[in-house]
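In the order they appear, the protein sequences are chains A and B.
Everything in the first sequence is counted per my numbering, starting at 1 for the first residue and increasing by one.
Everything in the second sequence is counted per my numbering, starting at 1 for the first residue and increasing by one.
From the structure, some residues in chain A lie toward chain B, with a derived Cβ separation under 7 Å:
| # | residue |
| --- | --- |
| 1 | G48 |
| 2 | T170 |
| 3 | P173 |
It should be emphasised that the hints constitute simulated quantities derived from the structure, not laboratory data.
Bear in mind that the values here come from a model prediction, so they are computed numbers and not experimental data.
Beta carbons: idealized from backbone N, C-alpha and C, even for Gly.
One-letter residues, chain by chain:
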Amino acid sequence: MRWTNFALAALFVARTAGLLAVAQPAPAAPQARFVVVLDAAHGGDDTGGRLTNGQLEKSFTLATSVRLRSLLAARGIQVVTTRDSDVAVEPNRRAEIANHAQAQACLSLHSSESGSGLHLFVSSLPPAQSVRFPAWKTAQAAWVTRSLKLAGVLNSALLQDGLNVTLGRTSLPAIDSMTCPAVAVEIALVPSPSHETTASLDDKDYQARVAKALAAALVEWRTEAHP
Amino acid sequence: MIPRYQKILFVFLLVAAVVMGAALWRLRERAHQRLIAGQDSAPTSAPAVAQAEQVTLMVANDSDGSLLTQLHSLPLPADPGASARAVLGKLLDIYAAPDAAHPVPGGGGSVIQVFLLPAAVTETDPPAAGRSHARPPSAPSPDEPQTGPQLAVVNLTGSFASSHHSGIETEMLTVLSICGTLHANLPRITQVRFLVDGQQRDTLAGHADLTRTYLAGNAEPTEGAHP
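Turn these sequences into a full structure, and let the hints guide you.
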């Protein structure tokens with residue numbers, strides 16, 4: 001009798017546990033990974049341009065990359081950088097890092113003392129069908145359409161933040177070999193309301209605005225990529 | 001009394017001296033004639049100045065990243081290569097002016113030479129990535145009469161490249177304005193390549209790719225003529 005009661009109790013516990021297990025919500029499906037590659041241009045002996053405040057382009061791009069990486073990490077976006085210190089990285093190596101990361105967005109960060117506002121550049125390669133083994137120097141051709149869409153999202157976010165944006169096409173060795181939606185972002189001088197450049201790139205508020213706008217754009221891009 | 005043999009020797013030496021003097025005089029006359037003949041080919045009179053022609057320059061503007069068409073009057077040499085060099089010289093003189101909208105030091109002397117070669121026939125459709133772009137059989141050979149499209153090889157000075165402002169936009173504007181200006185004045189020029197001091201160079205000033213061929217027709221670099 002005691003054994004019968006014990007068996008019934010065990011059965012009750014087991015069934016209850018089973019019901020509980022059924023009642024538990026199904027574990028959420030693993031979220032699709034969203035990786036952003038930040039490519040701080042130049043570095044090491046390759047100093048890039050010299051900005052009006054005497055700062056070197058390689059230092060400015062690295063600082064922007066670090067700032068943007070923090071903002072993206074805070075928003076739960078995985079970030080891969082091509083360099084984290086003042087080291088020289090060959091263009092092919094930059095593309096290798098980006099391609100290995102299988103990123104959903106690749107931003108090549110530049111700065112310039114010419115022009116004003118931000119310049120967004122997409123590879124000038126004509127769009128092509130994706131092939132199994134693309135040529136290294138034209139690998140971006142299969143991604144140009146996506147890159148143009150990414151540039152559009154960046155453009156919208158930057159304009160919404162009141163920043164002056166110029167869109168263009170260019171030929172950069174690192175970008176042309178990337179197999180991801182890739183955009184080169186060139187940050188130029190701060191435009192004044194009268195459309196004349198005024199301050200230098202030292203303006204911390206300007207840097208913060210640009211970084212926040214880029215981060216917001218990438219969050220928007222993530223939503224579009226994984227609705 | 002003078003011995004007979006001395007008289008004979010004296011007469012012989014006298015005749016020899018006269019003959020040698022005559023020969024020397026003749027050689028002097030010949031040298032003088034050659035000198036006069038050489039001087040005839042020297043530009044003793046001022047060369048006739050070629051009549052001024054209207055040229056179209058695609059002038060870059062950093063403020064909005066645009067290319068503006070400007071018409072100028074310029075005496076052009078008959079030789080197409082020299083004519084192309086003269087047109088580019090005028091363009092770079094504008095960039096070297098103090099109030100230039102696209103300031104680039106150097107001026108017209110920055111173009112060492114412009115070579116014109118038969119160009120490979122450009123495919124109408126965008127090429128797929130990874131396809132080879134060897135010269136097709138229909139392309140004209142260097143021995144054939146030059147009536148088809150031409151490739152212009154622009155040889156720039158090293159000082160021009162090293163003094164050029166660094167930046168994606170400013171470098172691309174320089175490249176595109178050169179391509180557009182060449183095609184506007186010499187429509188047979190459909191492709192442009194760049195050399196710096198006679199050597200291939202990776203980038204103009206750290207950004208614009210100089211290892212590729214640019215299509216001059218639309219002043220947009222494309223991958224169709226990748227070497």
